[in-house]
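Let's have the full structure, built from the sequences with the hints guiding it.
Position one of the sequence shown corresponds to residue 53 (my numbering), numbered consecutively onward.
Since the hints were made in silico from the structure, they are not lab data.
Do not take every clue at face value.
Said to hold, decoys possible - Quick list of the computed label-pair ranges, beta carbon to beta carbon:
#1 184 <-> 263: 32 to 38 Å
#2 180 <-> 318: 21 to 27 Å
#3 78 <-> 125: 18 to 24 Å
#4 286 <-> 243: 20 to 26 Å
#5 130 <-> 243: 33 to 39 Å
#6 296 <-> 77: 39 to 45 Å
#7 258 <-> 125: 40 to 46 Å
Even for Gly, the Cβ is constructed at its ideal location relative to N, Cα and C.
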Amino acid sequence: MEMQMEFLRKIPTPAELKEEFPLPAEIKTLKEKRDREIEDIFTGKSDKFLLLIGPCSADNEDAVLEYMHRLARVQEKVKDRIFIIPRVYTNKPRTVGKGYKGMVHQPDPEKGEDMKAGIIAIRELHTRVVKETGFTCAEEMLYPENHRYLSDLLSYVAVGARSVEDQLHRLVASGIGIPAGMKNPTAGDLSVMMNSIEAAQSRQRFLYRGWEVQTTGNPMAHAILRGYVDQFGRSMPNYHYETLRRLKTLYDERGLKNPAVIVDTNHSNSGKQ
Numbered sequence: 053m054e055m056q057m058e059f060l061r062k063i064p065t066p067a068e069l070k071e072e073f074p075l076p077a078e079i080k081t082l083k084e085k086r087d088r089e090i091e092d093i094f095t096g097k098s099d100k101f102l103l104l105i106g107p108c109s110a111d112n113e114d115a116v117l118e119y120m121h122r123l124a125r126v127q128e129k130v131k132d133r134i135f136i137i138p139r140v141y142t143n144k145p146r147t148v149g150k151g152y153k154g155m156v157h158q159p160d161p162e163k164g165e166d167m168k169a170g171i172i173a174i175r176e177l178h179t180r181v182v183k184e185t186g187f188t189c190a191e192e193m194l195y196p197e198n199h200r201y202l203s204d205l206l207s208y209v210a211v212g213a214r215s216v217e218d219q220l221h222r223l224v225a226s227g228i229g230i231p232a233g234m235k236n237p238t239a240g241d242l243s244v245m246m247n248s249i250e251a252a253q254s255r256q257r258f259l260y261r262g263w264e265v266q267t268t269g270n271p272m273a274h275a276i277l278r279g280y281v282d283q284f285g286r287s288m289p290n291y292h293y294e295t296l297r298r299l300k301t302l303y304d305e306r307g308l309k310n311p312a313v314i315v316d317t318n319h320s321n322s323g324k325q
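Rendered as structure tokens:
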């Protein structure tokens, strides 16, 4: 048997979807401005802190927009010290592959899966956020082949703890023009995360969406510390001074560009058991 899957229907390509749902010039200009500000933080030209904040899952458009409007008011108050990138996560990794997988799979949580409607829904959601609040947002790059559906709207991507060892995630991260945060794996091995950062900062050649592609490397690939789970299943933090010093040493040993770290205060760093 060659394949055990049914090809249900053809999905629009990213180029087709962008043509059907184009962005006005002012949004493109706004994204370019925000991307430059974020780059200045990573390269050390700005001394602002970067704050990524938002719900675990963006599963209700109106609730997301209400949250973003409130967050925009907070950003105005702290704009001299903190640059906020909201999380609008429209796909969810599932430990055993079951359950709600996010808006991209199921745009209406009360109905069945519909991924064609899902890719339209996530593009419309991100467009609404930037139009109404001025925020360009962050997503988890759970499916590397889907990144281009939102590549003209996003300002940040994270590669999760379960994806960080995957070659395609690393290679695609090397070819995107925005920061890519690489999380330490659930077992906590920092060398795995550093391997991922090095791969993402390097030039790569691979197959992507029916093309042979060549990347230039992403100098803003960086570390995200999210805690880890020990051999007894206990959540352990990894944001303390000793870990940060060790991370600095690992960056120096590899000669990587723009050494930076985001501390994820959720997951095992939150103290949950």
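Should the hint that residue 286 and residue 243 are 20 to 26 Å apart at their CB atoms be regarded as holding? holds (21 Å)
C-beta pair residue 184, residue 263: status relative to the range 32 to 38 Å that was hinted: Given about 34 Å between the Cβ atoms, the range holds.
Within 40 to 46 Å or not, the Cβ separation of residue 258 and residue 125? holds (43 Å)
Assessment of proposed distance window 33 to 39 Å (beta carbons of residue 130, residue 243): Holds, at about 35 Å.
Against the range 18 to 24 Å, how does the distance between the Cβ atoms of residue 78 and residue 125 compare: consistent or not? With a Cβ separation near 21 Å, residue 78 and residue 125 satisfy 18 to 24 Å, so the hint holds.
Check the following: the C-beta atoms of residue 180 and residue 318 are separated by a distance inside 21 to 27 Å. holds (25 Å)
Given a hint of 39 to 45 Å, does the C-beta separation of residue 296 and residue 77 actually sit inside it? Roughly 42 Å apart at Cβ, these two residues keep to the hinted range, so it holds.
In the structure shown, no violation is registered for any of the earlier numbered hints.
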